[in-house]
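Engineer: Now for the letters of each chain:
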Amino acid sequence: MKPYLIAALFLSLLPGPPGHAVAAESVQLTDVIKSNGNGDIDLFKDTSATNLEQLRLDNGGDLVFAVDVNEAAEGSEKASCQGITVASATLLFTLDGIDYQYTVFATQTRTLVATQGSTNRLPYYTLIGDAGSNRITTGPTSDLVTVFDATLRFAVDRDISSATQARLVVELLDTHAALGDPEAFYDYSNGFEDVALLTAADAAYLDTLAPGTAEAPLLLPAETFFTGGGNGRAYYPSSTGHYLAAYEDLFPYRGDYDFNDLVVAYRVYTDLDQGGNITAIGAEGYLVARGSDYSHDWHLRIGLPAAVTGSGSISVFDPGNTTLPGYPVAINLLGDLDIAPFEDTRNLWSDIDPDTGIEYFVNTDWRRPLLRGHRFTLHVTLDNPLALSALESPPFDPYLYVRNTGYEIHRQDKAPVLAGSRNQQDGLTGFSDANGYPFAQVFPQDWRLPSEYNDLGKAYPEYLDFIFSGRNTNTDWHKRPADNWTRPVHSGHWKW
Amino acid sequence: MHPFNPLPSRFTRGIACLLLALLGGCGGGGGGQQSAGDGALLEPASTALADNSVPVGVSFENFDVATVPMLALNQYVFSGQHTYLKLSRPDGELLFLGEVDPTQPYDLSVHLAPGDDHLRYEVFTESPLDDTVFGEILL
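The listed protein sequences correspond, in order, to chains A and B.
Taking my numbering, the leading residue of the first sequence gets 898, the next gets one more, and so forth.
Taking my numbering, the leading residue of the second sequence gets 2, the next gets one more, and so forth.
It is worth saying that the hints were derived from the structure and are not from the lab.
Incorrect hints may have been included.
Claimed, not checked - Label-pair ranges, simulated between beta-carbon atoms:
hint, chain 1, residue 1, chain 2, residue 2, range
1, A, Pro1202, B, Met71, 22 to 28 Å
2, A, Lys942, B, Asp108, 46 to 52 Å
3, B, Ile138, A, Thr1105, 38 to 44 Å
4, A, Thr927, B, Val78, 48 to 54 Å
5, B, Pro129, A, Pro1282, 30 to 36 Å
6, B, Met71, A, Gly1303, 24 to 30 Å
7, B, Met71, A, Gly1232, 27 to 33 Å
8, A, Leu1267, B, Met71, 54 to 60 Å
9, B, Ile138, A, Thr1370, 22 to 28 Å
Cβ atoms here follow ideal geometry from the backbone N, Cα and C, with glycine treated the same way.
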């Protein structure tokens, strides 16, 4: 070893001058909460009693842990939103030969769940987060906040700088997941959960960011739990289901009826107060397929009274779960909510063979592998509660603006809304083709899109029976596709 | 080789449009076509949309809005201070979850597949003395 390195090492081991406070540092811990839901975490594997005391002082007398929530993407749990329930957490110290235990803890969120085998739902603290996100941070935070999710906080009322033992013991709750949500969402189901100790700046960052909480079910913020005010949430079509909006984009000319020129999955939720009035609106969606040379802007419009105001934001993520440049974008609501999360779809999402440079349609061509699409999330809080009856009926108005033609394409019962579109210029107010078919349809989540150029009626032999019967027979026509005419693009592929 | 998809993806949309427009202009596939406009729903001769036109007013909706009948939540005597309602489809898909005022029931609309005629509900509180109440709603 070179002399200057030895000197540097020696200097680094020296204590600081008396009275000189060394800044506390966040630290990831070696021990984890194991896949069986238990964690016995020795803090001294990764930090010293001195740093623990500095972290305690930095956090105003609290020791704050962070947990990287790491759950399987099942049911309503997914990459952008997942949760676990804390059954108990204990912090143990040994000071001057005396053992001290702290069993009172808090997290930022609570819910009501039943334990395995029970139907009696009780309040528990929860930890909510996301997975695999690529957060970019600036300011006085450490890199740990880019991967950790939720905080777990203990009030520690004594100096722990002389501690000879420091352990965190955590037990996650085995929820009765067979009941569905909220138990299924707040169970633990995957591998281990990493744990870290945080500075005040890092803790404040995570508590403010609150990753994953916007979409979590039955979220009861700790500070409101005992005073009421908890919201209900209505889901369209359901908490884990999505609508599939599918388009023919040659409007006003008849297309080939494969309804795969653009396919987008989306769902909407409304937060309701105890009187049934809407307090917030949220949505999320995914690009599923793009079988067109045209490029589109995909809109989701939710009709609201003109006087409705509110604010929120929309985020769009690429298939690698990185936020697109410029997002999140603020939403200042006045009247209808009309957002275009997927703009210029051909440039946004393409399938180019790296060997030949040939561009293919995305997920509609039987010769090509399936690709994951972009995702969006939005949440808008209304300034004043709105009667649920004032909300446009689901599935709302998912529409397309075709950049190459200048036409907008809506479902049959809708009207054009874009002032500059060719529909307005040409006086085309309807959306039926010469044969009476729509250019836009909304299908159930289990619908698999026809492969390129294949007629929807060939891909689904019972579809016309369903339509011609006035929707009285073959109501589950979408469960029986002709495999040779459809692409195996199911929710397990596009939902992430 | 796939037997049903002879057209490469690079085949331009403009040419496809032209071909399809010509087909449409020639009567859209001949003998299997239904007569449109008389309001009668006939048995389709082919399963392809291109071979069948549909009368005006036919619905292509794959969901129906249903209003959930008001639940008389105040029939349940609970110890807890807060009442929570969970509504789900028979297949377990969650439609509503959250706190409600049991003294002021309100209409809740849900979006269901055609033919779905009942929902499941659960009512519970935060109290350890109150077990969850399970039931079904016929729409």
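Engineer: Taking the beta carbons of Met71/B and Gly1303/A, is their distance inside 24 to 30 Å?
Structural biologist: violated, 47 Å
Engineer: Could you tell me whether the CB distance from Ile138/B to Thr1105/A stays inside 38 to 44 Å?
Structural biologist: This hint holds: roughly 40 Å between Cβ atoms.
Engineer: Regarding Leu1267/A and Met71/B, is the given constraint of 54 to 60 Å on their beta-carbon distance met?
Structural biologist: Between Leu1267/A and Met71/B, where Cβ atoms are some 45 Å apart, the hint is violated.
Engineer: Check the following: the C-beta atoms of Ile138/B and Thr1370/A are separated by a distance inside 22 to 28 Å.
Structural biologist: Roughly 25 Å apart at Cβ, these two residues keep to the hinted range, so it holds.
Engineer: Does the hinted range 30 to 36 Å hold for Pro129/B and Pro1282/A at CB?
Structural biologist: Because 32 Å falls inside the window, the suggested range holds.
Engineer: Check the following: the C-beta atoms of Pro1202/A and Met71/B are separated by a distance inside 22 to 28 Å.
Structural biologist: Roughly 24 Å apart at Cβ, these two residues keep to the hinted range, so it holds.
Engineer: Could you see if the CB distance from Thr927/A to Val78/B stays within 48 to 54 Å?
Structural biologist: The hinted range 48 to 54 Å holds for Thr927/A and Val78/B, with Cβ atoms some 51 Å apart.
Engineer: Quick check on a hinted range of 27 to 33 Å for Met71/B and Gly1232/A, using CB atoms only.
Structural biologist: holds, 30 Å
Engineer: Is 46 to 52 Å right for how far apart the beta carbons of Lys942/A and Asp108/B are?
Structural biologist: violated, 57 Å
Hint check: violations occur at hints 2, 6 and 8; the rest are consistent with the structure.
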